[in-house]
Amino acid sequence: MNMKTLHGFALAGVAVVLLACAPLLISDYWTGVLLGMTGYVTLATAWALFSGPTRYISLATVAFFGVGAYTVAVLNEVMPYPLVLLCAAGIGMIMALMVGLSTLRLAGVYFVIFTFGLAELVRQTVSWWEVNVTYTMGRYIFLPFEGRHIYWQLLALAVVTFLISWAIGRSRFGLALKALGDDETVAAHAGVDVTRIKLLLFVISSTIITLVGAIQAPRWTYIEPSIVFNPTVSFMTLIMALLGGAMRLWGPLVGAVPLFLLFEWLSVSFPDHFSIILGLLFILIVFVMPNGVLAKIDDLRKGGRT
Amino acid sequence: MKNLFSEGGRMTRRLTTCAIAALSITAATHGVAAQERDKVTVGYAISKSGPNAGGADMTVTPNYELWVKEVNAAGGLKMPDGSQLPIEVIAYDDRSSAEEVVRAVERLASQDKVDIILPPWGTGFNLAVAPLMAKFGYPHLAGAAVTDKASDFVKRWDTSFWFMGGSEDYVSAFTEILVAEREAGRINDKIAMISVADGFGIDLVKAARPSFEAAGFDVAYDKSFPPETSDFATILNEAGNAEADTFVAFTYPPHTFALTKQAKIASYSPPVFYLGVGAAFPVYPKIADGSVEGIMSLGGVDPNNELNNAYRAKHEELVGRGADYWGSVLIYASLQMLEQTIERVGLDKAEIAKELSSGTFSTVLGSETQLEDNQLRAINWVGQWQDGKFVAVSSEGSDGTIQVKLPKPDWE
Amino acid sequence: MLEHVVNGLVLGGTYALVAMGLTIQYGIARIMNLGFGDMIIAACFATYVLFTTFAINPLVALLILVPAGYVVSDLIYRILMKPLVARAPDEGALEVDSILVTFGLLFVIQGVLLALFGGGYASYSFLNTPVNVLGTVVAGNRLLALVLSLAIGGAMVVILFRTRWGMVLRAVALAPKSAPLFGIDTDRAARTAFAIGGAMAATGGVVLSMFQTFTATAGVVFTMKALIVVILGGKGSVPGAIVAGLLLGLVETFVAAYVDPGLTLAAVYAVFLVLLLVRPNGLFGKA
Numbered sequence: 000m001n002m003k004t005l006h007g008f009a010l011a012g013v014a015v016v017l018l019a020c021a022p023l024l025i026s027d028y029w030t031g032v033l034l035g036m037t038g039y040v041t042l043a044t045a046w047a048l049f050s051g052p053t054r055y056i057s058l059a060t061v062a063f064f065g066v067g068a069y070t071v072a073v074l075n076e077v078m079p080y081p082l083v084l085l086c087a088a089g090i091g092m093i094m095a096l097m098v099g100l101s102t103l104r105l106a107g108v109y110f111v112i113f114t115f116g117l118a119e120l121v122r123q124t125v126s127w128w129e130v131n132v133t134y135t136m137g138r139y140i141f142l143p144f145e146g147r148h149i150y151w152q153l154l155a156l157a158v159v160t161f162l163i164s165w166a167i168g169r170s171r172f173g174l175a176l177k178a179l180g181d182d183e184t185v186a187a188h189a190g191v192d193v194t195r196i197k198l199l200l201f202v203i204s205s206t207i208i209t210l211v212g213a214i215q216a217p218r219w220t221y222i223e224p225s226i227v228f229n230p231t232v233s234f235m236t237l238i239m240a241l242l243g244g245a246m247r248l249w250g251p252l253v254g255a256v257p258l259f260l261l262f263e264w265l266s267v268s269f270p271d272h273f274s275i276i277l278g279l280l281f282i283l284i285v286f287v288m289p290n291g292v293l294a295k296i297d298d299l300r301k302g303g304r305t
Numbered sequence: 000m001k002n003l004f005s006e007g008g009r010m011t012r013r014l015t016t017c018a019i020a021a022l023s024i025t026a027a028t029h030g031v032a033a034q035e036r037d038k039v040t041v042g043y044a045i046s047k048s049g050p051n052a053g054g055a056d057m058t059v060t061p062n063y064e065l066w067v068k069e070v071n072a073a074g075g076l077k078m079p080d081g082s083q084l085p086i087e088v089i090a091y092d093d094r095s096s097a098e099e100v101v102r103a104v105e106r107l108a109s110q111d112k113v114d115i116i117l118p119p120w121g122t123g124f125n126l127a128v129a130p131l132m133a134k135f136g137y138p139h140l141a142g143a144a145v146t147d148k149a150s151d152f153v154k155r156w157d158t159s160f161w162f163m164g165g166s167e168d169y170v171s172a173f174t175e176i177l178v179a180e181r182e183a184g185r186i187n188d189k190i191a192m193i194s195v196a197d198g199f200g201i202d203l204v205k206a207a208r209p210s211f212e213a214a215g216f217d218v219a220y221d222k223s224f225p226p227e228t229s230d231f232a233t234i235l236n237e238a239g240n241a242e243a244d245t246f247v248a249f250t251y252p253p254h255t256f257a258l259t260k261q262a263k264i265a266s267y268s269p270p271v272f273y274l275g276v277g278a279a280f281p282v283y284p285k286i287a288d289g290s291v292e293g294i295m296s297l298g299g300v301d302p303n304n305e306l307n308n309a310y311r312a313k314h315e316e317l318v319g320r321g322a323d324y325w326g327s328v329l330i331y332a333s334l335q336m337l338e339q340t341i342e343r344v345g346l347d348k349a350e351i352a353k354e355l356s357s358g359t360f361s362t363v364l365g366s367e368t369q370l371e372d373n374q375l376r377a378i379n380w381v382g383q384w385q386d387g388k389f390v391a392v393s394s395e396g397s398d399g400t401i402q403v404k405l406p407k408p409d410w411e
Numbered sequence: 000m001l002e003h004v005v006n007g008l009v010l011g012g013t014y015a016l017v018a019m020g021l022t023i024q025y026g027i028a029r030i031m032n033l034g035f036g037d038m039i040i041a042a043c044f045a046t047y048v049l050f051t052t053f054a055i056n057p058l059v060a061l062l063i064l065v066p067a068g069y070v071v072s073d074l075i076y077r078i079l080m081k082p083l084v085a086r087a088p089d090e091g092a093l094e095v096d097s098i099l100v101t102f103g104l105l106f107v108i109q110g111v112l113l114a115l116f117g118g119g120y121a122s123y124s125f126l127n128t129p130v131n132v133l134g135t136v137v138a139g140n141r142l143l144a145l146v147l148s149l150a151i152g153g154a155m156v157v158i159l160f161r162t163r164w165g166m167v168l169r170a171v172a173l174a175p176k177s178a179p180l181f182g183i184d185t186d187r188a189a190r191t192a193f194a195i196g197g198a199m200a201a202t203g204g205v206v207l208s209m210f211q212t213f214t215a216t217a218g219v220v221f222t223m224k225a226l227i228v229v230i231l232g233g234k235g236s237v238p239g240a241i242v243a244g245l246l247l248g249l250v251e252t253f254v255a256a257y258v259d260p261g262l263t264l265a266a267v268y269a270v271f272l273v274l275l276l277v278r279p280n281g282l283f284g285k286a
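Protein chains in written order, with numbering that gives the first Met the number 0: chain H, 0 to 305; chain F, 0 to 411; chain G, 0 to 286.
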């Protein structure tokens, strides 16, 4: 580990400690904002973990997120909370393995549509199961958590996600990924086991996403499929990661934080025109910074030097 | 050692002084605020967009707006000392997302520090905000939320109030009517029942199955369908094959409308035709091309209640369209109760909650509206379209409301 | 049995009608238009206003709204899409860009509709008359959707495969890079295709509004249905869209009749996902 990485770690460590202490000083509302923001930072980073190097645009985020939340809703009265989280992670992992094995040979828009279809299929199946087999549609989660408890858990998960992302980027595996992103065929010829790497990334990313759903679920008290399988989650995650730049470690963070704050500001200041402004903003982003904020900053820097 | 002690003592004293000073400052500012208060802030988060917007826009939002308009036009909310304060509204859009509604309520409570928070639309969202309302001490007048667990919830959150009853109430009132009809020989003992696979539909169907069966009915067709369903040709076809005289559909407005249109096409007109949310909307007769006579649903109003008629006229005048015949009047009544409570006890949240649960109020529902165990029970459970009005009905031979008229005539 | 076939085909006709425009936009203009369903909803609301406020018959409204859909889509292509097409280094990049831009467009249309009409339900009754088809009674307005989709589909096939202009469009769809070498104005061809797709969205909206209850935010539902049909049928294939649309209608109807109405959508997605795995290029797509 060189000096620069050490500095980076020290800085990140201080930031995390400050963030962890924040709820003791700020109001419940701002804790809620931090909570939502941390949730999306984690989602976007986990999403980029798979979609960045493989360039597969996944809309299955909410499928895993929802499954995580539902697992907590079903199991929270049966077993202790840490075990529930473990179960959620396990279910997410198995689901990701199955989905990954069957779909990773699809490419381009077919994968996009497939993942969206998957999210809907899971939602429909859960609804049907609840209605016809267990006869319970809404489920209650009465766990003694307040906003800040959930926030701390999410923060811890975010840190873990960043560490994983960082470690992968540095390893030999990461080099293989770079090759994969540049040219899959070349990578395959160079002896990189493309499918296995993709699958592994998909499983790691999906497990983290499942956990985000599981941790956030107690915040809503009442769970039903239309609440936890809300497709907006998938879209928001995608946009945040793309805005920041899905190929970089800090990209999703750089995208998620300002976008989340912006959404928050818009819904406070323009509750009636949220959609229009959001849409225009989107179009603007595509036209002005197609490769994400970080790439744009790089471009500007280079432009300044030459 | 002694030194240390005295040091400690001095420390404590100093701290105490500081605390007292701080407290008195707070108290002073508080006092000033109370004296200089020139308005009452009322906040709410409601689904203005997303899948929930349709329901919220029909039943809840117009009544909030109507109430605020009326109160402000009359000079503002009356306070116990006789003064009047205008209402200022802070309204957010929860975009039909549970996380948004939770954060919006946190914002209203800890950022905007509003005096009153009005509830969102829907059972799920009311439950999502209930722990927060309780935590911040706001009285929670859950309006558009049908739940059988209200009596548990009032124990869990003792400042919560439930205004729309539970599925079992609606279903048992309806079963009573069916039993009377069967005894009169007008219907057979078979029921065809469909429900939307969503919170509302499932809750009702779960209550309906045992209720119908206990009354000796045979639920010959019993299916649920996904909320996105838009075509009911096959479902109605299969329901028709069950040869039941009673058709029950626990549905949301898009399904209710589509079912009505399809039933007309297929000339499916069983003696008892009972639909879910939407059949009590004022726009419904237009969708059914006028032939709504005899159709039944949840809710209903007493056409002889002058207060209610006046409210409906006012709604039409100030909102620009009619109120629905089920939830609207309950939401509006909850707001009237809130208004009268504030007039009696002021803006202290705990006092408001106490008065709401024990007081007697004059509302559109009647001059002596009261809550029982923090729940409104004076609700019309079953309604039927009779002569162009959706009226509250009860079984033949019972007294009180208007009697149900069955069998339903054929489609025009 | 026969009644389920009839009901299924009538339901599928709606899906086909909705999907054809999207398949042309996606297959020829190469724009993955996520705002497609919201354009349909916009047409629904326009018909609603024309009918309830100005008492204009929805069939007459077709004559107004279809050209309007064409013009508006033409403008959208000129303003939003053309710069993206010009800068895209390859097809994949254009796909991602068009997804993002039309996602923004989706919100803009939705926001405008919300501001104009609020979030409430809109519905009216027109042509809700029973029509007997082979012993099964179906609604006139739904039958109209089926007839229109077959007629428009047939016309499109004739144009695409029998006219010079159609050949140009197909050439652009197959080889956008080399088409200019043969003197084909790819920009114009793509713009025309996108505009035709918009006109078809308007057609779909007008017909749908006759029987479906809609809200300002319901567009996504139509986009998703249309997308499934498009991918199933093979992108850019009009016959594929019709066959896939009818197939979905049949699947839904048969599942509702013989399995469980609660599983109709799950079945649709299952069929879709399985087919996607077996034939990633769709029923009529080229491998």
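Be aware that one or more of the hints could be misleading.
Stated by the list, open to error - Heads up, incomplete: computed chain G residues facing chain H, CB under 8 Å, no partners named:
no.: 1; residue: LEU79
no.: 2; residue: GLN109
no.: 3; residue: LEU113
no.: 4; residue: LEU115
no.: 5; residue: VAL270
no.: 6; residue: PHE271
Hint data in this document are derived by calculation from the structure and do not stem from the laboratory. Idealized CB from N, CA, C, for every residue including glycine.
Structure-based check of all given hints:
1. The interface hint given for LEU79 (chain G) is met, as the beta carbon of that residue sits about 7 Å from the closest beta carbon of chain H, less than 8 Å.
2. Evaluation of the GLN109 (chain G) hint against chain H yields a held restraint, the C-beta minimum of about 5 Å falling below 8 Å.
3. This hint holds: LEU113 (chain G) has a C-beta 6 Å from the nearest C-beta of chain H, less than the 8 Å allowed.
4. The interface hint given for LEU115 (chain G) is violated, since its Cβ lies 11 Å from the closest Cβ of chain H, which is over the 8 Å cut-off.
5. Proximity of VAL270 (chain G) to chain H is violated relative to the hint, the smallest CB-CB distance being about 10 Å (cut-off 8 Å).
6. For the restraint placing PHE271 (chain G) at the interface with chain H, the shortest Cβ-Cβ distance is roughly 5 Å, inside the 8 Å limit, so the hint holds.
Hints 4, 5 from the list above are not met by this structure, while the remaining hints are.
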